[in-house]
Structure formats: C-alpha cells, structure tokens
Amino acid sequence: MARKELPQAVRDIRYTNSGAVIKLAGEVDMSQSPSVHQTLVEVLENRPARLIIDMAEVSYMDSSGVGILVDALRRVRVSGAKLALVAVVPRVLSVLQITKLDQFFEIYSSMEEALKTK
Amino acid sequence: MNNPANPRPVRPCVRLVMPTIPRYLAVVRAAVGCMAGQEGFAAETIDKLVLATDEALANVIKHGYQAAPDGEIQMILRPLSAAGRPGLDIVILDRGKSVDPVAIHSRALEDVRPGGLGVHIIRSVMDRVQYRQRSGGGMLLRMVKYAPAAAANASLAPGVPAAAK
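Quick note, the sequences are listed as chains P and D, same order. If you count the first sequence from 1, position 53 lands on 53 in my numbering, and the numbers rise without skipping. If you count the second sequence from 1, position 32 lands on 32 in my numbering, and the numbers rise without skipping.
Think of the hints as simulated: they come from the structure by calculation, not from any bench. Keep in mind it's a predicted model, so treat the numbers as computed, not measured. We put the beta carbon where it would ideally sit given N, CA and C, even for glycine.
Stretch-level coverage of chain D by chain P, calculated; a stretch enters the list once three of its residues show a Cβ under 8 Å from a Cβ in chain P:
#	region
1	53-63
2	108-121
List of simulated lysine to any residue pairs, SDA-like, C-alpha gap at most 25 Å:
#	chain 1	residue 1	chain 2	residue 2
3	P	Lys100	D	Gly115
4	D	Lys62	P	Gly67
5	D	Lys62	P	Gly26
6	D	Lys97	P	Pro34
7	P	Lys100	D	Asp111
8	D	Lys62	P	Gln8
9	P	Lys100	D	Gly33
10	P	Lys100	D	Ala108
11	P	Lys100	D	His63
12	P	Lys82	D	Arg113
13	D	Lys62	P	Arg91
14	P	Lys100	D	Ala42
15	P	Lys100	D	Tyr146
16	P	Lys82	D	Leu109
17	D	Lys62	P	Pro34
18	P	Lys82	D	Glu110
19	D	Lys62	P	Ser31
20	D	Lys62	D	Met18
21	P	Lys100	D	Glu110
22	D	Lys62	D	Val17
23	P	Lys100	D	Lys62
24	P	Lys100	D	Pro114
Please model the complete structure; the sequences and the hints are all you need to start from.
This is the structure:
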C-alpha cells in the first residue's frame, strides 16, 4: 500500500515505542500551516504517549505555525500525553518568545536530549 | 520634472503588489529581508521585521479578503530619510474589508490558544504602527522600524538629483 504523500513542510513521521516523532521543514507560514495542522491532527488520533516535533529544519515560522503547535499542545494535554519541541532555531524561538508561548512548551536542543527525558 | 538647478532629493522606495494567495508571502518576506539588510539592521531585527510584515499581510488575506485569492495587496518599502532618524517605513494597502482601527488590538496572551497573535507581534516588533481606513474602501497600515544609531551612520547617503526624463 502506497505511503500517503506528506505535505511540503512535513519531512517525516515515525512511530516509536514511546510515541511519535514528526519532522517539520522549511517555512511554516500561512500557506503551509493548514496541511501541517492536518498532519498533526492525524498523528494525534493515534494517541501517542508522547509527540516530539523535530524543528531542526524549520527555518521560519509565523503565528499560524505557532498556532498549530499550540493546538497540538492542547490536544495532547486532553489525552494526557506529552509534547516536546526539538532543535528550535533562534529565529523560530524568537516568535515563541514574542508571543510568550515558549514557557508552555518542553523545548530541547537535540533529539538525544529529548529522548533521554520521559 | 526636477529643476536641474534645484534638484529634489530622490526618495527611493520599492513597490510590490502581491495577490492574496499565501504562497506569495515568501516572495515578500525575501524582499523585506533584503531591504532591511541594506538599511543596516542586525540579523535578529531583520527576522523580526520580516515576521511583522508577514503577519500584517496574512491578516489582510485572512480578514481583509476572507482568504479569497482574487484580491491584491500593495506594499511600499521605503528607507527613511537620512535627514531624520533612519530606518524602514513599510506601508501596506488593500481594498478589502474595512475595519475601525480602534477595533484592531492585541489579545491577552495569557489565553493560550491558536490565532489572534499577529497584531501583538506587529506592535511588539515595530516602533510605530498606524492603521487607517482608506476612502473608497480597504485599509492602510503603516509600520516603521528605526535603525540603531550605528547602522544609521553606516547607511547615510546624500540625496541625488533625479535623472531628467
């Protein structure tokens, strides 16, 4: 069965024993956010115990992209799961800081660090 | 036409027109980033300028045109006069839905939910923000970011006479 084609800003999705890892890439703006959001919703429907969003290749994110992260956070909290952001570049971290949302996310500098923490 | 004996200083600007189609936001972001770099802004400030402009345009698409793809947004990017305090003046004009500027405000950030963050970002980043309703319909948004003093000295340039047409 053919693997469903991923949106442009979603590089990879993989499931592990502890949850799911989504790798985003490129510029997550108004044009990309709807498809990324849909992908996150679909992944969360599988109820992973932990969702890790790998942001290492995300070069830009606007408030629509941040909104997706916030929505994902709300969804995992409802299901009792956890959400972590990994390798957020300074430019994107700045958006989270300007909107004072950085305090609500678990943010790790590397996947290794994120995976060490349960 | 300019009088060669008394030339008017040229006020350079870049004018852009984009359709209300989100995938063209990347084009404008690139232009704003390039222009901000030329005006001597630091990398971190350039990123914020690009973000603020992007948020403003996204709001026009979403609220001014209800995401309809057949609208047009005009932008004027203008370096500020060397005689004053240098920086970048960004004007965004549309013929979409008109809103009372008093109604345009940031929302409480303590309310953690998606959406409604654009105005907060714009007001946080820019030094001056002005919304105006346009006669004939639509909105004008003017955003100004001043360059720091060191960059101002580096980017000062004398006005040059306009070339005779």
